[in-house]
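For reference, each letter of the sequence shown is one residue, going 5 to 570 in our numbering.
Hints were generated in silico from the structure; no laboratory data involved. Any given hint could be a false lead.
Distance condition first, Cα-Cα at most 27 angstroms in a straight line; then the derived DSSO-like pairs of lysine-lysine [claimed, not checked]:
no.	residue 1	residue 2
1	K44	K453
2	K296	K44
3	K262	K154
Using C-beta positions, here's what the derived DEER-type ranges look like [as the list claims (entries may be wrong)]:
no.	residue 1	residue 2	range
4	Q142	K262	31 to 37 angstroms
5	P74	R515	41 to 47 angstroms
6	P312	S135	50 to 56 angstroms
7	G160	E472	48 to 54 angstroms
8	T304	S30	36 to 42 angstroms
Quick reminder that beta carbons are idealized off the backbone N, C-alpha and C, glycines included.
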Amino acid sequence: MRLLYSLLALLLAPALSAQEPYTYTSVPGDPLEARIYTLKNGLQVWLSRNTDAPRIQTNIAVRAGSKNDPSDATGLAHYLEHMLFKGTSRIGTVNWKEEQRLLEAISAAYEARRATTDDVERDRIYARIDSLSVAAAQYAVPNEYDKMVKSIGARGTNAYTSNERTVYINDIPSDELEKWMMIESERFQELVLRLFHTELETVYEEFNRVQDNDRRRSGTRLNELLYPTHPYGTQTTIGRGEHLKDPSMVKIHEFFTKYYVPNNMAVILAGDIDFDRTIAMVDKYFGDREGKEVPAFDFTPEAPIVGPRIASVTGPDAEWVDIAWRFDGYTGDQEAMLQLIDGLMTNGRAGIVDLDLLQDQRVLDARTSVSVATDYSEFNMHGEPKEGQTLEQVHDLLMGSMERLRKGDFEPWLLAAVVNDRRQRQIRFWNEHNRLRAAAMTDAFILQKDWQEVVTLHDRMGRITKQEVVDFANAHLGPGHVVVFKRTGDPKDVYKVPKPRITQLDMGRERTSAWRTAWEKVPSARSEPEFVDYDAVITHRELNGGVPLAVVANPSNDLFSLRYIV
5 MRLLYSLLAL LLAPALSAQE PYTYTSVPGD PLEARIYTLK NGLQVWLSRN TDAPRIQTNI
65 AVRAGSKNDP SDATGLAHYL EHMLFKGTSR IGTVNWKEEQ RLLEAISAAY EARRATTDDV
125 ERDRIYARID SLSVAAAQYA VPNEYDKMVK SIGARGTNAY TSNERTVYIN DIPSDELEKW
185 MMIESERFQE LVLRLFHTEL ETVYEEFNRV QDNDRRRSGT RLNELLYPTH PYGTQTTIGR
245 GEHLKDPSMV KIHEFFTKYY VPNNMAVILA GDIDFDRTIA MVDKYFGDRE GKEVPAFDFT
305 PEAPIVGPRI ASVTGPDAEW VDIAWRFDGY TGDQEAMLQL IDGLMTNGRA GIVDLDLLQD
365 QRVLDARTSV SVATDYSEFN MHGEPKEGQT LEQVHDLLMG SMERLRKGDF EPWLLAAVVN
425 DRRQRQIRFW NEHNRLRAAA MTDAFILQKD WQEVVTLHDR MGRITKQEVV DFANAHLGPG
485 HVVVFKRTGD PKDVYKVPKP RITQLDMGRE RTSAWRTAWE KVPSARSEPE FVDYDAVITH
545 RELNGGVPLA VVANPSNDLF SLRYIV
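With the hints as extra help, turn the sequences into a complete structure.
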């Protein structure tokens with residue numbers, strides 16, 4: 005009952021905005037009308053309002069990923085992501101005092117196992133870990149986080165880890181925003197490595213699946229060529245098999261303590277929100293954590309790529325070739341140029357690659373793409389051979405299309421067409437999908453983009469001249485690139501982590517923590533339904549010939565749609 009009172013007290017606590025207003029930055033003309041706040045503890049809050057549906061896309065983003073993994077414990081950031089779904093000292097347990105004692109013993113056993121190379125001793129320690137895990141499981145409440153968010157109507161509950169980010173995702177009803185914040189503020193207060201032993205089996209399975217994935221194998225080799233000394237190329241998100249076999253709970257806790265701090269995180273919300281009420285609510289639930297200095301990520305710049313670096317990988321899938329050029333990390337002007345070139349090369353209709361290779365059916369498939377990151381960015385070309393065609397021939401055709409760009413062999417009107425096409429697609433996608441709004445704001449936070457650069461990207465693309473494109477391509481899209489041929493054949497040097505011997509755990513699926521029981525008694529907000537007055541929103545007119553016309557204004561953006569009913 006004491007816990008219920010504490011949760012109710014938190015729910016009824018006065019909003020801090022009653023004492024002082026929250027300052028924010030915004031950009032005139034921003035189609036998202038985003039507001040960017042920074043709380044006193046350094047936590048960034050990105051808000052975008054869209055009332056088309058009573059739902060909110062929620063992203064909680066952390067500026068830490070696999071490039072921040074210790075070199076002797078790769079895969080750590082990804083494994084930590086898994087563990088953030090296991091609860092806290094109050095969520096996911098029925099007896100934290102006893103469970104904590106056992107979890108500490110498990111952690112010590114893992115450290116002892118890491119410290120020895122004697123196989124007999126390692127097996128003995130592993131048997132103890134298994135035994136301790138069985139004992140600890142009797143206090144665990146499995147999947148309690150998932151059950152709670154599902155109970156408030158959450159969809160798409162997930163998370164992902166990549167080179168320099170970890171992002172936790174939900175799509176929730178707007179009237180459950182506060183109960184969601186209660187869960188998440190508790191979730192990110194502390195790390196509990198509950199059911200660590202069994203979750204490791206899940207990560208092993210994921211690692212082994214990756215070893216059979218030709219796309220992942222090819223991408224890893226490409227990164228090794230592009231970034232031979234940088235973690236983008238020397239480390240993968242899933243980690244090295246030998247590191248996964250010897251996990252360190254201590255190092256995972258250290259990573260959480262170092263990077264999961266307010267001034268290295270952002271709460272990003274897009275959907276049916278009230279700005280003032282929402283920022284006060286975020287402050288109430290997330291503003292009490294203390295920020296602290298986050299270590300800077302330092303690296304030695306890569307040596308220039310002066311000529312083609314070429315490699316091959318084999319696997320059972322159909323063949324392809326990838327070509328990539330490396331660029332510096334994110335800058336607004338460079339991104340504008342690369343995105344424009346990407347559209348000039350492939351846009352689905354009139355790009356150089358579209359016309360030169362696809363419409364003439366000279367290859368089975370071909371496309372280009374841009375990848376922008378903090379430390380380095382890439383421009384990529386991808387090609388797949390038609391029957392009887394070699395990968396070398398596809399490579400030469402792709403490079404021929406690039407040569408056309410370098411020579412300026414494209415119509416000048418294509419520049420404006422690319423910009424207009426990308427602008428309208430962005431407006432439409434942002435208007436229709438809260439998750440894409442949240443994704444854009446997440447990217448900006450992770451890459452530390454000035455939001456004005458995001459809003460004005462297409463304006464800056466529109467000011468680039470054809471000659472500037474040609475000059476840039478000749479300076480940067482030449483012989484200094486890497487090539488990976490993905491050939492059909494038996495994969496080589498495939499390493500798989502053997503699954504550990506795990507005693508089946510007896511966990512009561514109907515257990516409930518005291519925290520959840522109290523949380524469920526907290527009343528949810530209830531939104532008043534809004535009914536459309538069709539007579540008020542639809543304007544009726546008559547065209548020549550007595551053809552009726554019905555018009556509904558679009559208050560969200562400058563796009564329109566037209567339908568004929570015959």
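Hints, one by one, checked against the model:
With a C-alpha separation of about 21 angstroms, the suggested pairing of K44 with K453 holds against the 27 angstroms cut-off. Taking the CA atoms of K296 and K44, the gap is near 12 angstroms; set against the 27 angstroms cutoff, the hint holds. Proposed proximity of K262 and K154 is contradicted: the alpha carbons are some 30 angstroms apart, above 27 angstroms. Restraint check, Q142 to K262: a C-beta distance of roughly 32 angstroms satisfies the suggested window 31 to 37 angstroms.
About 35 angstroms separates the C-beta atoms of P74 and R515, a value inconsistent with the hinted range of 41 to 47 angstroms. Range check, P312 to S135: about 55 angstroms between beta-carbon atoms, so the 50 to 56 angstroms window is met. For the pair G160 and E472, the beta carbons lie near 41 angstroms from each other, so the given range of 48 to 54 angstroms is not met. Distance hint check: the CB atoms of T304 and S30 are about 38 angstroms apart, consistent with the given range 36 to 42 angstroms.
When the structure is compared with the earlier hints, violations turn up for hints 3, 5, 7 and for no others.
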